[in-house]
Amino acid sequence: MISTTILAVLGVYLLVLLVIGVWGGRESHDVAGYYVAGKKLPSWVIAFSSNSTGESAWLLLGLTGMGYAVGVHALWIVLGEVLGVAAAWIWVARPFKAYTDRYRSITVPDYLEERFHDRAHVFRIMGAVIVLSMVAAYTAAQLTATGKAFDSFLGTGYRAGVFIGLAVILFYTSVGGFKAVAYSDLLQGVLMFGCLFTLPIVAILAVGGWEPFVDGLRAADPDLLLPGGGLGFTPAGVASAAGFVGIGLAFLGSPQLLTRFMAARDQREILNAAPIAVLCIVVFDVGAVFAGMAGRVLFPRLDDPETILPLLSSQLFPALFTGIFLIVVLAAIMSTVDSLLILASSSVVRDVVQKIFRPEASQRRLSLLGKIVTVIIGTVGLALALGEVRLIFWFVLFAWSGLACAFTPVVLCSLFWARTTRAGAIAGMAGGFLITMVWVVWFKAGFHDLYEMLPGFFGGLLITVVVSLATRPPPGAEDEMRSVREGVGGPFRSPKEV
Amino acid sequence: MIGGLPWTAWVLLAAAVAPGVGLAVVSYRVHRADHRPLDRCDGSGGVEGGGEPGGLSGGPAQPGGGPFQPGDP
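The listed protein sequences derive, respectively, from chains A and B.
Just so you know, the first sequence maps onto residues -7 to 490 in this note's numbering.
Just so you know, the second sequence maps onto residues 4 to 76 in this note's numbering.
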């Protein structure tokens, strides 16, 4: 029987999300309001929003499962993600914010089009195709996790769980726009932070303390204590560690994360948000890995390591906290899905409809269209999720790397290398995306399962550089970049407002 | 072995956590430098004071060498 306490906690959480949706709706009547909250968000919101968007159900179910399965070896993921998040906030966020304010951009293709004087709208069309295809897969994967979470915690059944989760997400995302998404991300991020700070401590104490924890891991499998894991310093071991570290590259240029930098109120908010975001990701990742490792000692014979978090929460905590852990899993899912839906909607409405076909359309009409498109894309994700798309984490990693490899190399080059040309950026965007797909389908198995982010990212970077060098340098880019740099200052300097 | 874990595991954990802690410390110093009164800084810090406001270059130029006290004029 379902605990009424758990139901009450869940009910309160869903109600708060609906209220945030209605509250955010007041600023979603024009395109900039609906897609970037009018660029007025404060540091705490953008910091938590970027992390809870970047971390999906994979953090709570997948990374805890990874800690359970491979132990200390999973810390390579922590290393990659912390480095990726830190580098993004230190080096990428402020120049990107300065450029996008200068161009009045509200999407990444907006920025790329202005930066490279792309009058043929190639970046918009390519961006929309890539975003829509990847977001559909990613959303479906997250909805699948929603159904599983509802079913495992409440016994609602898989399909009912998917419907309930999507209905709530669609309400607050379509009504409240980006402001509701960002503030709900803040709430969800705080919940995830609290859960992943508490869970490993309680779990290690439940084992009996640090020494029994380490002894228990050694008894289960001595390889759990080694950074190289069972593979050691072999080609497969190095490929595995490199792939784990490579996950963090996506934080440098994925469009759903760059949107947070754009939506900041000003440069100072970004400077203040940086330490919050990085400390937050440290707690998220270290907490998840150590919770999984403690779970291995407490419950050594699980068929599916990815069930360790629900198991720990139900066995170590009273019903109230079990309810909170349920909403934390849902929070991780919802905070990712809402951001992806807004991103996909902006690709259709801002990048294609407004900027290519209907520049004269009113702001109110475009905003309404954005809400309708959000619901349609969510419905497509629903159809895919109900079609037994059960390979959650394969899809998540695939979509995460596909989006990241299309945009990250090009965005980095555009921010830091004035010699980057329009042709180079277009080739790099297409190349990064295609290499990721091709690697997964044809090469991955033959290269010790090397994660596709690495060939996709570095391939995209190489193509961007080579094609740029082979084409005519863009006029004025050098002066513009110098001007942006002077306005932003160094990574740790106070910003001059630009 | 340190605390039952191999030293390599500790190195990996430290490498993973250090960027977060380092950035927090440096950002806090920049934040603090931003919020001190300009007339206490001889024009060498602050938002647009012409000098290094802190961070990697060794910290803000504080008259007297001590940290800014909130009650100071």
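Hints in this document: simulated from the structure, not taken from any laboratory.
Beta carbons are placed, not taken as given, at the ideal position from N, Cα and C, and that holds for glycine.
Among the hints, erroneous ones may be present.
Said to hold, decoys possible - Simulated restraints on C-beta separations:
{"hint": "1", "chain 1": "B", "residue 1": "Val28", "chain 2": "A", "residue 2": "Arg210", "range": "31 to 39 Å"}
{"hint": "2", "chain 1": "B", "residue 1": "Pro9", "chain 2": "A", "residue 2": "Leu(-1)", "range": "52 to 60 Å"}
{"hint": "3", "chain 1": "A", "residue 1": "Leu(-1)", "chain 2": "B", "residue 2": "Thr11", "range": "44 to 52 Å"}
{"hint": "4", "chain 1": "A", "residue 1": "Asp296", "chain 2": "B", "residue 2": "Val28", "range": "18 to 26 Å"}
{"hint": "5", "chain 1": "A", "residue 1": "Asp471", "chain 2": "B", "residue 2": "Met4", "range": "56 to 64 Å"}
{"hint": "6", "chain 1": "B", "residue 1": "Pro9", "chain 2": "A", "residue 2": "Gly186", "range": "24 to 32 Å"}
{"hint": "7", "chain 1": "A", "residue 1": "Pro351", "chain 2": "B", "residue 2": "Trp13", "range": "30 to 38 Å"}
{"hint": "8", "chain 1": "B", "residue 1": "Trp10", "chain 2": "A", "residue 2": "Gly468", "range": "51 to 59 Å"}
To be verified - Partial pick of chain B residues on the chain A-facing surface, computed with a CB cut under 7 Å:
{"hint": "9", "residue": "Met4"}
{"hint": "10", "residue": "Ile5"}
{"hint": "11", "residue": "Gly7"}
{"hint": "12", "residue": "Thr11"}
{"hint": "13", "residue": "Ala12"}
{"hint": "14", "residue": "Leu15"}
{"hint": "15", "residue": "Ala17"}
{"hint": "16", "residue": "Ala19"}
{"hint": "17", "residue": "Pro22"}
{"hint": "18", "residue": "Gly23"}
{"hint": "19", "residue": "Ala27"}
{"hint": "20", "residue": "Ser30"}
So, going through the hints one by one against the coordinates:
Checked against the given bound of 31 to 39 Å, the beta carbons of B/Val28 and A/Arg210, roughly 34 Å apart, stay inside it. Evaluation of the 52 to 60 Å hint for B/Pro9 and A/Leu(-1) yields a failure: the beta carbon distance comes to about 45 Å. Between A/Leu(-1) and B/Thr11, the C-beta spacing of about 46 Å keeps the proposed range 44 to 52 Å intact. Against the hinted window of 18 to 26 Å, the Cβ-Cβ separation of A/Asp296 and B/Val28 comes to about 40 Å, which falls outside the hint.
For the pair A/Asp471 and B/Met4, the beta carbons lie near 58 Å from each other, so the given range of 56 to 64 Å is met. For B/Pro9 and A/Gly186, the Cβ-Cβ distance of about 31 Å falls inside the hinted range of 24 to 32 Å, so the restraint holds. With their beta carbons about 58 Å apart, A/Pro351 and B/Trp13 fall outside the hinted range of 30 to 38 Å. A C-beta distance of roughly 53 Å is found between B/Trp10 and A/Gly468, which places it inside the suggested range of 51 to 59 Å.
Hint status for B/Met4 relative to chain A: violated, with the closest Cβ pair at about 9 Å, above 7 Å. Taking 7 Å as the C-beta contact cut-off toward chain A, the hint placing B/Ile5 at the interface is violated, the least distance being around 10 Å. With a least beta-carbon distance of about 3 Å to chain A, the hint placing B/Gly7 at the interface is held under the 7 Å criterion. Evaluation of the B/Thr11 hint against chain A yields a held restraint, the C-beta minimum of about 5 Å falling below 7 Å.
Annotation: interface hint on B/Ala12 holds; nearest CB of chain A at approximately 5 Å, less than 7 Å. For B/Leu15, the suggested interface contact is upheld, since its CB lies about 5 Å from the closest CB of chain A, less than 7 Å. Hint status for B/Ala17: violated, given a least beta-carbon distance of 10 Å to chain A, over 7 Å. Using the Cβ-Cβ criterion of 7 Å, the hint placing B/Ala19 at the interface with chain A is satisfied: the shortest such distance is roughly 4 Å.
The closest approach between the C-beta of B/Pro22 and any C-beta of chain A is roughly 4 Å, which is under the 7 Å cut-off, so the hint is satisfied. Annotation: interface hint on B/Gly23 holds; nearest CB of chain A at approximately 4 Å, less than 7 Å. Checking B/Ala27 against chain A by beta carbon gives a least distance of about 4 Å; that is within 7 Å, so the hint holds. Checking B/Ser30 against chain A by beta carbon gives a least distance of about 4 Å; that is within 7 Å, so the hint holds.
In the structure shown, a violation is registered for the earlier hints numbered 2, 4, 7, 9, 10 and 15, in ascending order.
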